[in-house]
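Trainee: As a plain string of letters, each chain reads:
Number of protein chains: 2
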Amino acid sequence: MNLRIPGPTPVPDSVAQAGAADMINHRGPEFADLIKRSTTQLKEVFETENDLFILTASGTGGMEAAVANHVNAGEKVLVVTVGVFGKRFVEIVRVFGGNPIELDFEFGRAADPNRIEEALQQHSDIRVVLVTHNETSTGVTNNDLKIVSDICQSYDCLLIVDAISSLSSIPVKTDEWELDVVISGSQKGWMTAPGLAFVSCSEKAWEKNALVTSPRFYFDLLKAKDYLAMGQTPSTPAVSVMFQLDKALKIMFDEGLQNIYTRHHKHAQMTRDGVRALGLELFAEEGSESDTVTSVRIPDGIDGLEFLEIARSQFGTVFAGGQGPLKGQIFRFGHLGFVTDEHIEEGLSAIEKTLQKMHS
Amino acid sequence: MNLRIPGPTPVPDSVAQAGAADMINHRGPEFADLIKRSTTQLKEVFETENDLFILTASGTGGMEAAVANHVNAGEKVLVVTVGVFGKRFVEIVRVFGGNPIELDFEFGRAADPNRIEEALQQHSDIRVVLVTHNETSTGVTNNDLKIVSDICQSYDCLLIVDAISSLSSIPVKTDEWELDVVISGSQKGWMTAPGLAFVSCSEKAWEKNALVTSPRFYFDLLKAKDYLAMGQTPSTPAVSVMFQLDKALKIMFDEGLQNIYTRHHKHAQMTRDGVRALGLELFAEEGSESDTVTSVRIPDGIDGLEFLEIARSQFGTVFAGGQGPLKGQIFRFGHLGFVTDEHIEEGLSAIEKTLQKMHS
Numbered sequence: 003m004n005l006r007i008p009g010p011t012p013v014p015d016s017v018a019q020a021g022a023a024d025m026i027n028h029r030g031p032e033f034a035d036l037i038k039r040s041t042t043q044l045k046e047v048f049e050t051e052n053d054l055f056i057l058t059a060s061g062t063g064g065m066e067a068a069v070a071n072h073v074n075a076g077e078k079v080l081v082v083t084v085g086v087f088g089k090r091f092v093e094i095v096r097v098f099g100g101n102p103i104e105l106d107f108e109f110g111r112a113a114d115p116n117r118i119e120e121a122l123q124q125h126s127d128i129r130v131v132l133v134t135h136n137e138t139s140t141g142v143t144n145n146d147l148k149i150v151s152d153i154c155q156s157y158d159c160l161l162i163v164d165a166i167s168s169l170s171s172i173p174v175k176t177d178e179w180e181l182d183v184v185i186s187g188s189q190k191g192w193m194t195a196p197g198l199a200f201v202s203c204s205e206k207a208w209e210k211n212a213l214v215t216s217p218r219f220y221f222d223l224l225k226a227k228d229y230l231a232m233g234q235t236p237s238t239p240a241v242s243v244m245f246q247l248d249k250a251l252k253i254m255f256d257e258g259l260q261n262i263y264t265r266h267h268k269h270a271q272m273t274r275d276g277v278r279a280l281g282l283e284l285f286a287e288e289g290s291e292s293d294t295v296t297s298v299r300i301p302d303g304i305d306g307l308e309f310l311e312i313a314r315s316q317f318g319t320v321f322a323g324g325q326g327p328l329k330g331q332i333f334r335f336g337h338l339g340f341v342t343d344e345h346i347e348e349g350l351s352a353i354e355k356t357l358q359k360m361h362s
Numbered sequence: 003m004n005l006r007i008p009g010p011t012p013v014p015d016s017v018a019q020a021g022a023a024d025m026i027n028h029r030g031p032e033f034a035d036l037i038k039r040s041t042t043q044l045k046e047v048f049e050t051e052n053d054l055f056i057l058t059a060s061g062t063g064g065m066e067a068a069v070a071n072h073v074n075a076g077e078k079v080l081v082v083t084v085g086v087f088g089k090r091f092v093e094i095v096r097v098f099g100g101n102p103i104e105l106d107f108e109f110g111r112a113a114d115p116n117r118i119e120e121a122l123q124q125h126s127d128i129r130v131v132l133v134t135h136n137e138t139s140t141g142v143t144n145n146d147l148k149i150v151s152d153i154c155q156s157y158d159c160l161l162i163v164d165a166i167s168s169l170s171s172i173p174v175k176t177d178e179w180e181l182d183v184v185i186s187g188s189q190k191g192w193m194t195a196p197g198l199a200f201v202s203c204s205e206k207a208w209e210k211n212a213l214v215t216s217p218r219f220y221f222d223l224l225k226a227k228d229y230l231a232m233g234q235t236p237s238t239p240a241v242s243v244m245f246q247l248d249k250a251l252k253i254m255f256d257e258g259l260q261n262i263y264t265r266h267h268k269h270a271q272m273t274r275d276g277v278r279a280l281g282l283e284l285f286a287e288e289g290s291e292s293d294t295v296t297s298v299r300i301p302d303g304i305d306g307l308e309f310l311e312i313a314r315s316q317f318g319t320v321f322a323g324g325q326g327p328l329k330g331q332i333f334r335f336g337h338l339g340f341v342t343d344e345h346i347e348e349g350l351s352a353i354e355k356t357l358q359k360m361h362s
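Which chain is which? The protein sequence lines are A and B, in order. Going letter by letter, the first sequence gives residues 3 to 362 in our numbering. Going letter by letter, the second sequence gives residues 3 to 362 in our numbering.
Simulated from the structure, these hints should not be mistaken for lab results. The reader is advised that the hints may include incorrect statements.
Same chains, same names: a pair is fine if it fits in one copy or spans any two.
[Unchecked claim] DSS-like mimics (lysine-lysine), calculated; alpha carbons at most 25 Å apart, straight line:
| no. | residue 1 | residue 2 |
| --- | --- | --- |
| 1 | Lys148 | Lys249 |
| 2 | Lys359 | Lys78 |
| 3 | Lys359 | Lys227 |
| 4 | Lys268 | Lys252 |
| 5 | Lys355 | Lys175 |
| 6 | Lys225 | Lys329 |
| 7 | Lys227 | Lys329 |
| 8 | Lys359 | Lys38 |
| 9 | Lys206 | Lys355 |
| 10 | Lys206 | Lys227 |
| 11 | Lys45 | Lys329 |
In isolation and in its complexed conformation, chain A is listed as follows (with noise of 0.2 Å):
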């Protein structure tokens, strides 16, 4: 089965296996020694020096982790929403008693770093910004994160920074854009099963994290942070998806970070030239179209959920449908993490041979 999901992607043999290794005491020194090199080579693709934490949970816990942290009920923050998980991000905010001001940007399109600034200059009490690097729904990236960065620089506020689908196949310079929390994902870019988020805090974070007075245990960053420092972790760790993890960092700086971005950009752009010498419309506007997935509009007189499910169960290749408003009116075409040449022509091929037999 090929695969072409926006994670979970498929995980190379050698990670695979190298989960099925002999399970160790994560009280002990094999374990410290495991997490103590993992944190510094994710550190290494995050491009940062601040503090890292590897949290056993999906990506949306690294994003209550985020919101958990650097967020007081009651307090007023902007979430620049350019899809569903920017929504999610909307729908944590309010769980916590947070304020969130949405600013909208129509799916599809990218967010503009003039409105967010417009907002911040209409809400001066906003002192926490929350954004999408890459909006796994809509398959669009948001590139002026460093833009974003300066503006929430010069309004005194926190960034954080949903990095899931972006991470480790786009570059992402936590530091060098001065981005206070960065989350990503095991499942996406990383080439490793799903159940590991990755949490960056700055300097800037940990004085917020200590003015926070939101309910966290679980994913209370403090305690991850204490854990640590010993080679720990607060509570059990998912052991086997660190191995593999473990491998897959191997694997990638042996590939070399610079040849993946470029990997991942060949890729996108078969994508997109495929897609669109198929006669199909993309869904992100140009300019902003996602290296990691690109999103198709389901043409006129084709049922979306058939074509996947044909797509599927005939032609081998597993699509992902639109999530939420976009359900039934778009396809996602995933090309991050492990993904050969191979994977994206049968991808092509597989969208061709579906709207055939769904013409005939």
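We have chain A already, so just place chain B on it with the hints.
Mentor: Coordinates of chain B only, in the frame set by chain A:
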């Protein structure tokens, strides 16, 4: 290495290998089959027809889910503590703004149901009771769960049970004993890598859930229920660990639950007899010794941490140390999950050799 800690426990090869299967779409039909099958089988082990959820988290995440969904800020709850994990419940309640009334029993002893009844008489406004079934930190089982449950019924209290290190190794009759919320974790008796928590909820628990306003998003059980109806989870689950669990459950049902309980009792008895035969003293009071983990007093004149280090590095056996106030006072010998007679014999032999070495 003979991993003789009370979790994570050794994973049988076939289970470890099952985790290396090809990744699948967590929103597709294969996953729906998987989660429905595992949930049904877990309910069989829990002996319940209540709702049951598989969460991507450690057991502590399951504990947080139990509290966040069933305890309001400001609410008085009775927390029965017989060790470190009971204390963890206290901490979680406090983090969520609850008012934990701690009913502490001396470490090494089981909870006395009479004192639970007295506490509920004294605090007539308590409507939630939290109890640890098997206290991993002391090797004590609270065998009187049914009596505790009867008391909770008569005082109209919801009963939340941490059965993380008992369920699947020691019988837990969720429905017969009327346990409202029951928690377990994949890395214990389930012979599966860490990363999954299991939580069951009674009708009475759902009624309380609807009245609770504590913040919960990642651990929102109502959301988990909505998604489970579609054969999904709210966010991406630890798919590879779920592959393992599926295989482990198959092995467990092949062996038979009664046989598993008998085997655990036998291995626990072998361990206790063997430890006593070495002239060592059990930490747990007689009659409350756990069938999943045996706690042993470190003899006078022996450094507890050095004992662990020598057993590991020279005799290939990993025991767990004491936690919290028991650090250096006891060591713990895990015998839950995938355990053979040889594991126990080799474990006992490692204790003997380590002590000989330290005395020489």
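Trainee: A separate judgement is required for each hint: does it hold in the structure or not?
Mentor: Status of each hint after checking the structure:
1. Neither within a single protomer nor between protomers do lysine 148 and lysine 249 lie at most 25 Å apart by alpha-carbon distance, with minima of 31 Å and 47 Å respectively.
2. Taking CA atoms no more than 25 Å apart as the test, lysine 359 paired with lysine 78 passes in neither setting, with 51 Å inside one copy and 63 Å between copies.
3. For the identical chains of this complex, lysine 359 and lysine 227 are neighbours neither inside a copy (55 Å) nor across copies (37 Å), given an alpha-carbon limit of 25 Å.
4. Proximity of lysine 268 to lysine 252 under the C-alpha cut-off of 25 Å is restricted to the intra-copy arrangement: shortest distance 22 Å within a copy versus 44 Å between copies.
5. Taking the closest pair of Cα atoms, lysine 355 and lysine 175 never come within 25 Å of each other, the shortest separation being 40 Å inside a single copy and 53 Å across copies.
6. For a Cα distance limit of 25 Å, the shortest separation of lysine 225 from lysine 329 across copies, 19 Å, qualifies, whereas the shortest one inside one copy, 39 Å, does not.
7. Proximity of lysine 227 and lysine 329 under a CA criterion of 25 Å is satisfied inter-copy only: 21 Å between copies versus 40 Å inside one chain copy.
8. Neither within a single protomer nor between protomers do lysine 359 and lysine 38 lie at most 25 Å apart by alpha-carbon distance, with minima of 52 Å and 32 Å respectively.
9. Within a single copy, lysine 206 and lysine 355 get their C-alpha atoms no closer than 52 Å, and across copies no closer than 52 Å, so neither meets the 25 Å cut-off.
10. Within a single copy, lysine 206 and lysine 227 get their C-alpha atoms as close as 15 Å, which meets the 25 Å cut-off; across copies the closest is 38 Å, which misses it.
11. Taking the shortest alpha-carbon separations for lysine 45 and lysine 329, neither the intra-copy value of 36 Å nor the inter-copy value of 33 Å comes in at or below 25 Å.
Of the numbered hints given earlier, the model fails hints 1, 2, 3, 5, 8, 9 and 11; all others are met.
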